[in-house]
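Protein sequence lines, in the order shown, are assigned to chains A and B. Here the first sequence is numbered in the numbering used here, starting from 1442 and rising by one per residue. Here the second sequence is numbered in the numbering used here, starting from 81 and rising by one per residue.
Careful: at least some of the hints might be erroneous.
[Claimed, not checked] With a straight-line Cα cutoff of 25 Å, these simulated SDA-like cross-link-like pairs (lysine to any residue) come out:
1. B/K479 with A/L1485
2. B/K357 with B/P378
3. B/K353 with A/V1497
[What the hints assert, rightly or not] So the derived list for chain B, only partly shown, Cβ under 7 Å to chain A, looks like this:
4. I356
5. L361
6. T418
7. I432
Hints listed in this document are in silico derivations from the structure and should not be mistaken for laboratory results. Keep in mind it's a predicted model, so treat the numbers as computed, not measured. By construction, the Cβ of each residue, glycine as well, lies at the ideal position given by its N, Cα and C atoms.
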Amino acid sequence: MTEAEIRKTIFKLLGRIAPEADFSTLAPDDNLRRTLDIDSFDALNFFIALHEELGVEIPESDYGRLNTLAELVRYLSTQVG
Amino acid sequence: MGEFCMPSLGADMQAGTLLEWKVKPGDRVKRGDIIAVVDTDKAAIEVESFESGVVEQLLVQPGEKVPVGTVLAIIRTEHMTAGAEAVAPAPAEPLPVRAGMEPKLRPGMVEPVARELPLPRPPLQPSPTARIVPGLAEGVETVPPVPLPPPTAARTERIKASPLARRLAVELGVDLGTVRGTGPDGAIGRADVESAAAGRPIPAAAAPGLLPETKAPSPPAEAKAPPTDYQAGMRRAIAAAMARSNREIPHYYLETRIDMSRALRWLEAENLKRSIKERILSVVLLLKAVAKALGEVPELNGYWIEDRFQAQEAINIGFAISLRQGGLITPALLSVDTKSLDEVMEAMRDLITRTRAGRLRSSELTDATITVTSLGDLGVETVYGVIYPPQVALVGFGKITEQPWAESGMLGIRPVVMATLAGDHRATDGRRGAQFLDALNRFLQEPANL
């Protein structure tokens, strides 16, 4: 899976949580929670959706390292082939 | 003969619009069954039956806005069905609406709005596709208002309009009285309101300070949800409840720092054993600990009504849930004390999902006996809540942060949460409040027993 595909999947899943978000203005280093107004419940749902979509089981201890789009893409590309 | 009345889903609610019947005459209903959907200022609410029986007659048609307490339907109760002599013959005509009827407020009625200072969550861009009530108005849009015999003066003044048209009129600031209806019997439909609104500017005063300054973009081609304007109504409902709270309730505030290291370590180990779908959020531990601590200090769980405290047996925790488009709703997690952590997590997931989709049930809006608000997601450390009348306490949690912590002569870094209690001084004194926070702390130090 290419990084572009991963990014597309992320946008699709985030779009379900924050339907009003405009991802074209989202910078790679923006804090996703803050920029998209995502609370811990939304975040958990997002990780569940990522699991369903990509088969990645993200341990809770990694949540803290996944704050931006760039971090997410980097993390996921090491997890999915 | 049971009368199913327009419920008060909040002390500030004067009237509601019946959106939809979920039953028809002849249907058998049980206590707790959802029998109608009612539109309040804040949201569309699924209303449950308080009785079991057979639906005898529906007296109000979808689209009608009626005062709280108006009889909406007659439900023949099981008891009455059994005792044949007690069964009154069903009236052939709809019962007249009793003018000037006092709203039937159940004891412990709670306004369905939030307590702490409102959290304006401005959308990133003006978004008319609110997440609340998708599809609901669409579902009733095609239901033409059925003319009723006009037994009262109020009824004769009713303007015939579809629910969607009414909502749209509020949103667009259109006076329905000035709109010419093109539907059956001159009923006003969505298109009529839209054409009335077209060609003139949106009055800025329609919802002061709530609508974005610039007009929202036109709805997307594939409209996921009808435009809703619960925001102005929600702001009013929050304003009424919070003003009443600060006017009537002598608040006192207590706060305590709680070491969360044991609770979080335990939770982490628990969550490692679980699939991602079964993981528990830390707020669930906090909610369960609140419920347990209330068991020790029951004076904080209940209502202040008629100049006295009325304790409630069930511990139903109102949980402030913010809405993406602004405002918040505080539905209740029912009987938290009797649920396991998994059950509380499941109930919370269900409640948040339905709150954001606009599918709450009436009991969830009226049965909260205390409120918990957690603002930790945004980095707030301490929450000083405004009690939601007639409740007598509000528990606030801030963000769990790492802090220096001294214990047994040792200094270390621990995850710490600030727990606050806003108490109604009419119902309790600071000492009881302090005992509650102490118990809360104790339960959080033994997470395996939660």
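Notebook entry, point to check: Does A/V1497 lie within 25 Å of B/K353 when you go C-alpha to C-alpha?
Noted result: The given pair, whose Cα atoms are some 16 Å apart, holds under the 25 Å limit.
Next item on the list: Hold the hint about B/T418 up to the distance rule: shortest CB distance to chain A must be less than 7 Å.
Entry: Not OK, violated: B/T418 not within 7 Å of chain A, min 23 Å.
Margin query: Can you verify the interface hint for B/I432: is its Cβ closer than 7 Å to any Cβ in chain A?
Written below: holds (5 Å)
Notebook entry, point to check: Between B/K357 and B/P378, does the CA-CA distance stay at or below 25 Å?
Noted result: violated (34 Å)
Checklist line | Restraint outcome when B/L361 is required to lie within 7 Å of chain A by C-beta distance | finding: Nearest chain A Cβ about 6 Å off; hint holds.
Next item on the list: Have a go at the B/I356 hint: is there a Cβ in chain A nearer than 7 Å to its own Cβ?
Entry: It holds, given that the least Cβ distance between B/I356 and chain A is near 5 Å, below 7 Å.
Next item on the list: Take a quick look at whether B/K479 and A/L1485 sit within 25 Å of each other, Cα to Cα.
Entry: Measuring from Cα to Cα gives roughly 17 Å; hence the hint holds.
In the structure shown, a violation is registered for the earlier hints numbered 2, 6, in ascending order.
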